[in-house]
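Each chain, written out:
Number of protein chains: 2
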Amino acid sequence: MLWSSFYLPTLKEAPAEAEVVSHRLMLRAGMIRKLTSGVYAYMPYGNMAINKVADIVRQEMNRAGAVELSLPMVQPADLWRESGRWVHYGKELLRFKDRHERECCLGPTHEEVIVSILRGELRSYRQLPLNLYQIQTKFRDEIRPRFGLLRGREFIMKDAYSFDRDDEGAERSYKAMYDAYARIFTRLGLRFRAVEADSGSIGGKFSHEFMLLANTGEDTIAVCSACDYATNLERAAVTPRGGKNSLPPPPLEEISTPGVKSIEELCLFLDVPPDRTLKTMFFDVDGKVVAVLVRGDRVVNGIKVKNYFDAALAELLPPEKMAEIGAPAGFAGPLNLAADYILADHELEEGGGWIAGAGKTGFHVKNLDLERDARVSAYADLRLLTAEDPCPRCGASLELTRGIEVGHTFKLGVKYSAAMKAYFLDENSLERPLVMGCYGIGVTRVVAACIEQNHDADGIIFPPAIAPFAVEILNLDPKSGKVTEKALEIYDIIRGSKLDVLLDDREERPGVKFKDADLLGSPMQVIIGARGLERGIVEVKNRRSGAKAELSAVNFAAGFELWKDRLLEEWSPRPSV
Amino acid sequence: MLWSSFYLPTLKEAPAEAEVVSHRLMLRAGMIRKLTSGVYAYMPYGNMAINKVADIVRQEMNRAGAVELSLPMVQPADLWRESGRWVHYGKELLRFKDRHERECCLGPTHEEVIVSILRGELRSYRQLPLNLYQIQTKFRDEIRPRFGLLRGREFIMKDAYSFDRDDEGAERSYKAMYDAYARIFTRLGLRFRAVEADSGSIGGKFSHEFMLLANTGEDTIAVCSACDYATNLERAAVTPRGGKNSLPPPPLEEISTPGVKSIEELCLFLDVPPDRTLKTMFFDVDGKVVAVLVRGDRVVNGIKVKNYFDAALAELLPPEKMAEIGAPAGFAGPLNLAADYILADHELEEGGGWIAGAGKTGFHVKNLDLERDARVSAYADLRLLTAEDPCPRCGASLELTRGIEVGHTFKLGVKYSAAMKAYFLDENSLERPLVMGCYGIGVTRVVAACIEQNHDADGIIFPPAIAPFAVEILNLDPKSGKVTEKALEIYDIIRGSKLDVLLDDREERPGVKFKDADLLGSPMQVIIGARGLERGIVEVKNRRSGAKAELSAVNFAAGFELWKDRLLEEWSPRPSV
Chain A
2 MLWSSFYLPT LKEAPAEAEV VSHRLMLRAG MIRKLTSGVY AYMPYGNMAI NKVADIVRQE
62 MNRAGAVELS LPMVQPADLW RESGRWVHYG KELLRFKDRH ERECCLGPTH EEVIVSILRG
122 ELRSYRQLPL NLYQIQTKFR DEIRPRFGLL RGREFIMKDA YSFDRDDEGA ERSYKAMYDA
182 YARIFTRLGL RFRAVEADSG SIGGKFSHEF MLLANTGEDT IAVCSACDYA TNLERAAVTP
242 RGGKNSLPPP PLEEISTPGV KSIEELCLFL DVPPDRTLKT MFFDVDGKVV AVLVRGDRVV
302 NGIKVKNYFD AALAELLPPE KMAEIGAPAG FAGPLNLAAD YILADHELEE GGGWIAGAGK
362 TGFHVKNLDL ERDARVSAYA DLRLLTAEDP CPRCGASLEL TRGIEVGHTF KLGVKYSAAM
422 KAYFLDENSL ERPLVMGCYG IGVTRVVAAC IEQNHDADGI IFPPAIAPFA VEILNLDPKS
482 GKVTEKALEI YDIIRGSKLD VLLDDREERP GVKFKDADLL GSPMQVIIGA RGLERGIVEV
542 KNRRSGAKAE LSAVNFAAGF ELWKDRLLEE WSPRPSV
Chain B
2 MLWSSFYLPT LKEAPAEAEV VSHRLMLRAG MIRKLTSGVY AYMPYGNMAI NKVADIVRQE
62 MNRAGAVELS LPMVQPADLW RESGRWVHYG KELLRFKDRH ERECCLGPTH EEVIVSILRG
122 ELRSYRQLPL NLYQIQTKFR DEIRPRFGLL RGREFIMKDA YSFDRDDEGA ERSYKAMYDA
182 YARIFTRLGL RFRAVEADSG SIGGKFSHEF MLLANTGEDT IAVCSACDYA TNLERAAVTP
242 RGGKNSLPPP PLEEISTPGV KSIEELCLFL DVPPDRTLKT MFFDVDGKVV AVLVRGDRVV
302 NGIKVKNYFD AALAELLPPE KMAEIGAPAG FAGPLNLAAD YILADHELEE GGGWIAGAGK
362 TGFHVKNLDL ERDARVSAYA DLRLLTAEDP CPRCGASLEL TRGIEVGHTF KLGVKYSAAM
422 KAYFLDENSL ERPLVMGCYG IGVTRVVAAC IEQNHDADGI IFPPAIAPFA VEILNLDPKS
482 GKVTEKALEI YDIIRGSKLD VLLDDREERP GVKFKDADLL GSPMQVIIGA RGLERGIVEV
542 KNRRSGAKAE LSAVNFAAGF ELWKDRLLEE WSPRPSV
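Sequence lines, in order, name chains A and B.
The first sequence begins at 2 in this note's numbering and counts up one residue at a time.
The second sequence begins at 2 in this note's numbering and counts up one residue at a time.
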């Protein structure tokens with residue numbers, strides 16, 4: 002593509018509204034333009050990147066045996082009433098009436114639609130398994146859309162729906178999708194992890210989030226340095242280390258700690274490290290008061306408290322209730338407490354001689370032994386994982402990193418097929434509900450997340466598989482016939498090797514072209530100027546490493562081939578699941 | 002693709018609601034399923050046909066220098082207020098409010114969106130010309146959606162928008178799109194005509210409808226047998242033949258015609274052919290009464306009457322008004338008439354001695370000479386074209402045929418750019434509005450119209466370029482290892498020649514497979530059975546001609562290659578514009 006035949010409106014500055022780097026760079030590189038809140042036009046350069054991702058997704062879905070179709074964006078309300086989601090989905094489901102006053106919505110997902118279409122005709126066990134997918138535009142009326150394509154209202158998604166006769170089949174279908182996802186993100190050249198997700202209320206252990214690793218990610222994930230374990234921090238189990246203190250501590254002793262209201266102040270006041278202290282947090286769990294003890298340097302994980310009781314609700318006890326139960330703010334502890342339950346984290350089984358609030362204002366205690374001095378209801382896994390904890394699967398060390406969710410695989414079971422009466426007949430002519438799975442990839446989100454992961458101060462650094470143009474040629478002297486001729490010759494050579502290539506043929510200063518090339522982020526740059534040609538050379542630049550090399554202008558094809566292969570090798574897929 | 006790995010739910014009968022053949026066949030062939038009124042799921046087989054069309058559209062748009070992007074489906078109301086269409090578009094524009102009560106609509110077309118995005122940044126004459134296109138889902142809330150994909154509410158369209166600095170440039174852009182459209186429909190293997198369309202109120206002669214020829218089409222078009230002239234019948238000009246009668250007729254004579262109320266009855270009563278009689282129709286044209294005279298065997302074209310006066314409104318005069326002006330029903334004529342204008346069709350300049358209503362109940366006149374006996378205000382082109390008229394361009398004979406509009410090219414001028422203030426700076430730094438064109442192809446409609454054009458009693462007959470599978474292999478004896486082995490061998494051979502191929506490997510009777518293959522409409526069928534293999538042959542069938550041939554099972558590849566090339570040659574593009 003010649004720049005002059007393309008439409009590539011680069012910007013020096015991004016509009017102030019752009020908060021994150023991918024949003025800023027996509028605006029500056031002319032990839033997207035905002036139409037209205039959370040709704041973007043995919044401009045030619047952005048559209049190409051989206052299509053590169055979509056093509057690889059499509060290839061791998063086909064390879065995994067899924068069959069492509071395309072479902073409508075406008076959906077009738079009645080289907081959502083059948084599944085129960087018309088009421089439960091909330092305001093993200095954009096609802097409206099058509100000219101005949103029929104209630105409709107814009108599809109944020111397509112479980113209802115696919116089930117309604119198949120239930121009439123997917124009737125025999127011989128038609129199973131079946132996996133149907135689409136790559137299609139969705140709409141979710143987010144209350145606060147932001148971050149460009151990371152959290153838009155209108156977006157492109159690949160969604161697949163598998164249908165099986167039983168759980169075993171559904172697990173095979175799930176595995177095939179999991180493997181396809183791993184291949185997709187590997188082929189795209191992205192660093193990612195498949196993270197076990199909490200799927201408590203839906204059932205089954207078969208739920209994974211696929212996270213692209215990026216410092217700017219919204220989620221924190223813990224990744225094992227040795228095995229393939231990875232988990233969302235909020236959901237990470239902590240393995241108890243076992244072992245107890247052999248010697249009981251000296252007797253409990255009250256100490257006056259006037260004005261000391263936090264663990265930090267306590268440690269300063271007594272000159273002890275925080276891991277010698279206890280922290281007590283109070284929750285209202287379905288109406289019961291629960292005190293939760295963790296080490297002073299740990300953080301209580303509210304989700305674990307809720308899951309421990311399998312509760313509908315678990316929230317922090319409001320301050321006004323604390324006094325009532327003998328928990329004065331800043332001086333609460335496991336003593337003198339009127340809580341319904343006192344839970345302690347597993348970690349507290351092995352230590353002793355704790356420092357904790359005394360349960361009366363202005364005092365703490367030391368030499369606290371939980372078994373001797375307190376009445377703990379139970380020990381459990383109640384805290385957030387930290388980087389010091391070992392991998393719960395293999396015991397190796399963990400790393401905390403941040404990620405962006407770009408895919409989700411889900412074993413649905415019979416949730417929708419039972420509600421919407423999608424039955425098939427088995428070999429014995431017995432009617433049974435279809436066992437389903439659903440599998441999503443946010444295609445437009447992948448492009449934005451890819452940029453969060455791959456950029457520097459100068460702009461985007463596209464992996465070759467996603468780059469709209471794997472190569473950009475910079476003609477530094479477009480007014481020179483000789484340079485332009487060589488640029489076009491090289492353009493044809495590179496196109497001949499099946500690479501997408503952009504030739505910057507604008508009448509602009511070299512500085513503008515260098516800046517724009519770095520901004521646009523083609524992994525390979527070929528720089529052609531009059532001075533280089535006089536010396537018989539053309540310069541090539543590896544956008545990611547910044548490394549430059551000089552290639553013979555006369556034997557460009559051979560030199561480029563070698564250089565390109567080495568660069569692609571650096572980017573080549575390394576499975577990272 | 003193996004049938005057993007695909008999802009291809011064929012039906013013996015189409016649901017009763019399907020009124021036209023493409024709708025019935027697309028349902029029966031498992032191409033579409035209805036979700037709600039005018040909204041269809043594109044099932045895998047239908048989705049493939051749509052993608053085949055979209056791919057060729059995309060290739061030819063790119064070849065013509067247009068650049069692809071993708072615009073949102075949800076659009077803000079404010080843009081439509083700027084262009085004035087929020088009020089004028091009517092109920093086909095589906096409007097709604099989002100969760101923050103902002104007014105939006107679903108895009109039925111994208112002039113407003115593209116202009117709003119470009120007006121901030123397409124600022125210099127050096128960026129022109131520019132042509133941007135997308136292939137995207139649109140929604141028009143049709144009052145009575147029907148005929149499946151021929152008149153749906155949700156549909157896929159290719160829409161392109163060109164931007165030029167002046168009319169000359171816009172005409173070049175228009176011509177490039179016109180040529181691209183001709184290449185697209187030619188490559189798709191469809192019989193079509195580019196028809197000059199009435200673009201009175203938009204200005205310029207640059208508007209064409211691209212019509213697929215099909216007996217079931219909604220529009221009648223007149224096509225020249227010699228030159229490339231083609232026109233929508235409603236808009237077809239009729240060329241006056243010139244020449245006048247040399248002899249004046251005998252004097253006017255009144256004849257009693259009791260109870261004769263129509264041209265047919267008059268001709269029977271007097272035993273004369275209808276081309277000796279005059280027909281008089283009455284119109285209310287912006288409040289004036291206009292009498293229109295045409296030959297008794299002709300049909301008045303109301304659009305021409307309206308255009309003659311450049312009127313806002315032209316409709317038939319209601320019967321109760323007819324008596325007031327001396328036009329008794331059945332006996333009205335150009336005599337004794339209180340009309341504001343009497344217009345006569347050009348054709349009436351050359352004849353004489355007409356028979357017409359006398360202007361009083363129960364009587365007609367004969368020997369009427371318009372110049373002598375009536376006061377005709379003007380002669381003009383006022384009637385519908387017929388097959389007897391000569392081509393207005395070259396004089397050769399015309400053919401009337403029916404067609405389905407699948408594309409429209411349009412020179413917009415500055416309608417949107419002026420209303421929405423989309424200006425660029427010319428060489429002299431003068432601000433000028435962008436000169437626009439827009440160009441649409443109904444991608445999903447093309448697939449349906451293709452089937453209207455190409456089918457028989459047994460099912461679809463896909464042109465090779467649109468067929469989801471160019472070849473279908475029928476394994477008649479799937480339980481025979483030998484037959485199955487040969488079928489798979491041939492499947493691999495055909496896939497190797499880059500053709501999309503479907504292998505019917507189901508455990509079904511041969512009759513079911515024959516019927517389904519004809520229904521699905523792959524242009525080539527390869528039929529493999531135990532009996533044939535015993536004789537060393539495999540049968541091939543040309544779906545369109547029905548011609549069968551036997552190929553050697555051993556040397557299948559060579560024989561198939563020859564047969565295939567001959568069949569594709571039959572389908573090969575013949576430019577038909």
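Note that these hints are calculated values from the structure, not bench results.
In this text, all values refer to a predicted model and were calculated from it rather than measured experimentally.
Please note that a few of the clues may not be correct.
It does not matter which identical chain is used: a pair holds within one copy or between any two.
Stated by the list, open to error - The calculated DSS-like cross-link candidates involving lysine-lysine, where the alpha carbons are at most 27 angstroms apart (straight line), are:
| hint | residue 1 | residue 2 |
| --- | --- | --- |
| 1 | K307 | K322 |
| 2 | K35 | K480 |
| 3 | K139 | K35 |
| 4 | K322 | K416 |
| 5 | K422 | K35 |
| 6 | K35 | K416 |
| 7 | K139 | K98 |
| 8 | K289 | K480 |
| 9 | K13 | K422 |
| 10 | K139 | K92 |
| 11 | K176 | K480 |
| 12 | K480 | K361 |
| 13 | K549 | K565 |
| 14 | K92 | K480 |
| 15 | K516 | K416 |
| 16 | K92 | K322 |
| 17 | K176 | K549 |
| 18 | K35 | K516 |
| 19 | K416 | K307 |
| 20 | K13 | K416 |
| 21 | K516 | K262 |
| 22 | K565 | K262 |
| 23 | K422 | K139 |
| 24 | K92 | K416 |
These are the hints, each one checked on the structure:
1. K307 - K322: Within one copy, since 19 angstroms is at most 27 angstroms while 82 angstroms is not.
2. K35 - K480: Answer is neither: 36 angstroms inside a copy and 58 angstroms across each miss the 27 angstroms cutoff.
3. K139 - K35: both (17 angstroms within a copy, 19 angstroms between copies)
4. K322 - K416: neither (40 angstroms within a copy, 67 angstroms between copies)
5. K422 - K35: between (42 angstroms within a copy, 18 angstroms between copies)
6. K35 - K416: So K35 and K416 pass the 27 angstroms test across copies only (24 angstroms; inside, 37 angstroms).
7. K139 - K98: Both. Shortest intra-copy (18 angstroms) and inter-copy (17 angstroms) distances satisfy the 27 angstroms Cα cut-off.
8. K289 - K480: Close neither inside one copy (80 angstroms) nor across copies (67 angstroms); limit 27 angstroms.
9. K13 - K422: between (56 angstroms within a copy, 24 angstroms between copies)
10. K139 - K92: both (15 angstroms within a copy, 23 angstroms between copies)
11. K176 - K480: neither (57 angstroms within a copy, 31 angstroms between copies)
12. K480 - K361: So K480 and K361 fail the 27 angstroms test inside a copy (84 angstroms) and across (84 angstroms) alike.
13. K549 - K565: So K549 and K565 pass the 27 angstroms test inside one copy only (12 angstroms; across, 52 angstroms).
14. K92 - K480: neither (57 angstroms within a copy, 54 angstroms between copies)
15. K516 - K416: neither (53 angstroms within a copy, 38 angstroms between copies)
16. K92 - K322: So K92 and K322 fail the 27 angstroms test inside a copy (33 angstroms) and across (57 angstroms) alike.
17. K176 - K549: neither (43 angstroms within a copy, 45 angstroms between copies)
18. K35 - K516: within (23 angstroms within a copy, 51 angstroms between copies)
19. K416 - K307: within (23 angstroms within a copy, 61 angstroms between copies)
20. K13 - K416: neither (50 angstroms within a copy, 32 angstroms between copies)
21. K516 - K262: Classified as neither: same-chain Cα gap 54 angstroms, cross-chain 83 angstroms, threshold 27 angstroms.
22. K565 - K262: neither (62 angstroms within a copy, 87 angstroms between copies)
23. K422 - K139: within (25 angstroms within a copy, 31 angstroms between copies)
24. K92 - K416: For K92 and K416, only the intra-copy Cα distance (22 angstroms) is at most 27 angstroms; the inter-copy one is 38 angstroms.
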